[in-house]
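Visitor: Residue numbers (this note's numbering), protein chains in the order written: chain A, 37 to 513; chain B, 37 to 513.
Check the hints yourself; a few may be wrong.
Copies of one chain are not kept apart here, so a pair can be met inside one copy or by any two copies together.
[What the hints assert, rightly or not] Calculated pairs, SDA-like style, for lysine to any residue (alpha carbon to alpha carbon, straight line, at most 20 angstroms):
#1 K345 <-> A409
#2 K119 <-> S72
#3 K501 <-> Q228
#4 K287 <-> D274
#5 K365 <-> K475
#6 K290 <-> E144
#7 K244 <-> Y441
#8 K96 <-> A85
#9 K99 <-> E88
#10 K63 <-> A206
#11 K365 <-> D95
#12 K475 <-> P129
#13 K461 <-> M485
#14 K365 <-> S285
#15 K350 <-> D447
#16 K99 <-> N89
#17 K461 <-> A512
#18 K365 <-> D163
#19 K96 <-> K121
#20 K416 <-> C178
#21 K99 <-> K359
#22 K185 <-> H136
#23 K422 <-> E93
#24 K287 <-> H403
#25 K451 <-> H439
Just so you know, these hints were derived from the structure itself, not from any lab. Because the structure is a prediction, the values reported are computed rather than measured.
This is what each chain is made of:
Protein chains: 2
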Amino acid sequence: MANDKKLVEAITSMDVDFAQWYTDVVKKAELIDYSSVKGCMVIKPDGYAIWENIQRELDKRFKETGVQNVYMPMFIPESLLQKEKDHVEGFAPEVAWVTHGGLEPLQERMCVRPTSETLFCDFYARDIHSYRDLPKLYNQWCSVVRWEKTTRPFLRSREFLWQEGHTAHATAEEAEERTIQMLNLYADSCEQVLAMPVIRGRKTDKEKFAGAEATYTIEALMHDGKALQSGTSHNFGDGFAKAFNIQFSDKDNKLKYVHQTSWGMTTRLIGAIIMVHGDNNGLVLPPAIAPVQVVIVPVQQQKAGVLDKAYELKNVLSGFRVKVDDTDKSPGWKFSESEMRGIPVRVEIGPRDIENGQAVLVRRDTHEKITVALSELDVKVGELLKDIQKNLLEKARSHRDAHTYTAVTMDEFEKTIEEKPGFVKAMWCGCQECEDKIKELTGATSRCMPFAQEQISDKCVCCGKPAVKMVYWGKAY
Amino acid sequence: MANDKKLVEAITSMDVDFAQWYTDVVKKAELIDYSSVKGCMVIKPDGYAIWENIQRELDKRFKETGVQNVYMPMFIPESLLQKEKDHVEGFAPEVAWVTHGGLEPLQERMCVRPTSETLFCDFYARDIHSYRDLPKLYNQWCSVVRWEKTTRPFLRSREFLWQEGHTAHATAEEAEERTIQMLNLYADSCEQVLAMPVIRGRKTDKEKFAGAEATYTIEALMHDGKALQSGTSHNFGDGFAKAFNIQFSDKDNKLKYVHQTSWGMTTRLIGAIIMVHGDNNGLVLPPAIAPVQVVIVPVQQQKAGVLDKAYELKNVLSGFRVKVDDTDKSPGWKFSESEMRGIPVRVEIGPRDIENGQAVLVRRDTHEKITVALSELDVKVGELLKDIQKNLLEKARSHRDAHTYTAVTMDEFEKTIEEKPGFVKAMWCGCQECEDKIKELTGATSRCMPFAQEQISDKCVCCGKPAVKMVYWGKAY
Chain A
37 MANDKKLVEA ITSMDVDFAQ WYTDVVKKAE LIDYSSVKGC MVIKPDGYAI
87 WENIQRELDK RFKETGVQNV YMPMFIPESL LQKEKDHVEG FAPEVAWVTH
137 GGLEPLQERM CVRPTSETLF CDFYARDIHS YRDLPKLYNQ WCSVVRWEKT
187 TRPFLRSREF LWQEGHTAHA TAEEAEERTI QMLNLYADSC EQVLAMPVIR
237 GRKTDKEKFA GAEATYTIEA LMHDGKALQS GTSHNFGDGF AKAFNIQFSD
287 KDNKLKYVHQ TSWGMTTRLI GAIIMVHGDN NGLVLPPAIA PVQVVIVPVQ
337 QQKAGVLDKA YELKNVLSGF RVKVDDTDKS PGWKFSESEM RGIPVRVEIG
387 PRDIENGQAV LVRRDTHEKI TVALSELDVK VGELLKDIQK NLLEKARSHR
437 DAHTYTAVTM DEFEKTIEEK PGFVKAMWCG CQECEDKIKE LTGATSRCMP
487 FAQEQISDKC VCCGKPAVKM VYWGKAY
Chain B
37 MANDKKLVEA ITSMDVDFAQ WYTDVVKKAE LIDYSSVKGC MVIKPDGYAI
87 WENIQRELDK RFKETGVQNV YMPMFIPESL LQKEKDHVEG FAPEVAWVTH
137 GGLEPLQERM CVRPTSETLF CDFYARDIHS YRDLPKLYNQ WCSVVRWEKT
187 TRPFLRSREF LWQEGHTAHA TAEEAEERTI QMLNLYADSC EQVLAMPVIR
237 GRKTDKEKFA GAEATYTIEA LMHDGKALQS GTSHNFGDGF AKAFNIQFSD
287 KDNKLKYVHQ TSWGMTTRLI GAIIMVHGDN NGLVLPPAIA PVQVVIVPVQ
337 QQKAGVLDKA YELKNVLSGF RVKVDDTDKS PGWKFSESEM RGIPVRVEIG
387 PRDIENGQAV LVRRDTHEKI TVALSELDVK VGELLKDIQK NLLEKARSHR
437 DAHTYTAVTM DEFEKTIEEK PGFVKAMWCG CQECEDKIKE LTGATSRCMP
487 FAQEQISDKC VCCGKPAVKM VYWGKAY
């Protein structure tokens, strides 16, 4: 019973301390554990199962667009990392360096990949000869390392899991098209699979990826009003191709440089799910990626027939991911635990329910209780899961829209950021000076120049000069 | 046309130079490419797709036995690696050391995991408290690094992909049971999925894993008569538990050490598939793991209706992994290429076939040509794929059995190893001295003490003292 209380009591209210609430949830929902390696986490079964479900959904969508999976080495020789100037400047300060192999020092030190553009380019330079070899649409699932100073589970860790797509094309147009295609694939996946609405747009030059011509991003709003960059897609133009000499002979027999893209999503998405859908009872998982979609909790399970009935219902629900909680904990503890773990639907079944040929369904998202006839259980659970998936997206969208503001003046901007955490939409002249100043005054950064532009005023919110873009601004993770 | 010839000519005959044949196949079948990182390979789409298929099959079987996937950090602090004496001695000479994070030296250097026993133990010591927490049945899919001096694609590379299962149990019996269970799961997967027969047995003390009480192994015989260790399963007893202090309070309220196992399979299996099934035309893939199971080659594809018919047949065969080779290469080139890539079934369809309502099927394993009515294509292809899967296993088993010899004296032993590459079954007294001497005299190592023991004589083949075990010996990769 001591354990019972601990589980329920130990979670901090998100209104009191959101950061602590987040930490409590990742631990209590058993998604991760800390490890002996500072800044690196142990991803526990439930955390990893969420990642596997995200992987499966993304991988299927990638392959439908012709993408093939490959695997590159995890090490990058220092000389290779240095080939593209902007890229090395961006990453060199935050890589882990391998200097010894076995007992001997290496002739050239290598870093553990922080991202693999240089490795793909090195490979493409050898592998691409003719227009017939194009496009190359490669992706890899792997872990990468960035030696961050401050870390938080899923959001910012020294090692994280991700996919990185790297494509090479014959023309600039095709590369741009692929860059946008993958951004849209990411955005659609976030909405359909993670029930997480995102803003699609382009990063300013200041915020773009080291070595990219253009970076596109999807930005989500967390429950606390902070933004989270949830996926990026980069168009490299022919910058890397020139640095790595990736040329092909085209149909016209001329040697040309390829045009490249890269795009990535990470385990950070799990942090996003937590902070978009979670509540004071713990995790709330969208059914599409919940490791367990339905938990069956037998009530008075020691009574004859109750456990048998629970297993029978599991078979009835075989089209879903179902678990019977047959541990010797109390039903109350099991209810709390299933809420903490974010399981979308709970089925309660006790002797009286069995007598009446019914069960009680409890939705994780609304806590609504529904009594259903056992003969309708399968159909009803299917409907509920669909409805929960839909409801979570709508709820998140309402929250995001309710926390998206506009500002025409810096006064308005500062006051909004100070008092109302969320996105601020404001016009911008295109100068980095204003971007820097806004950050200095408000702590907010430009999240993106959305594809869906609006005309909020005709002047830059900061300097008053003619505006060129409407920008989403916000404090960010 | 220059390319046509190159593809077909460049492969060395396996009878002339088996090692070169292997290298030719991995390159020409486009499974890998070399990288700028010495000893590390680029796994190309076809190589990676084979790995994905192996992963899917193994992962499904693991999960059916209750195993859950997790993810541990890729780094091991030096002090953690040193906790178990035998283990550190086994691995320290061949690890890659990270000494700097970003621009600063680390306080304690870390190695890139060569295997993760120490990380799992560190985690289990924190995570396991009560008998209720047991068993832990965890697995991870990841890459590991071992700084080998000589490397070969798939067989021995400095970085390779694998799965490593790590379990913790309340009793020694349960740990032993799990060790054997996973070995049998591996063996069954090799036979059913990879069509590769294996010998199941136990390693001698000399050959066992660093830190293990007992190591079990499956050993396969390659086409050239060399053995390949294809999967191992280790019982650690409570050795790691004592070194890492992993204790739990049992039902009797006493503190006890857990008993642990670990078991792994790697991308080495792809090397095994190549060397067990391949022939002088290239790769031969078992249908269960072939990225493409059926290739449709249109003949005279420029003629009206031929390509359309090819795509139509692809739809007819939608239950299989099918590709239409509609490139502008000649049919002859496509035939050679499909053989090189090891695609199990080729469907040839030209204008005359269409007229006659038929197609020609060609089996990769026997090169047999079969003319079938298009109305029966789907059924016939399904039968063929099953038959090829079965035939490959039988063929490999016959080859293995035909290359398994017995030796009663050292003279016989030496002569057999010298003249007839393969397994030698011979009796052994149990002393490492004899093991060492046999290796010195013949180059063969003890592969395993098979579960299925036979009584070949009653004396050790080496020293003549009473024998305790029949052992499979062989030269090995």
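Visitor: Going through the earlier hints one by one, which of them does the structure break, listed in rising order?
Guide: Per hint list: 3, 5, 6, 7, 10, 11, 12, 15, 19, 20, 24 violated.
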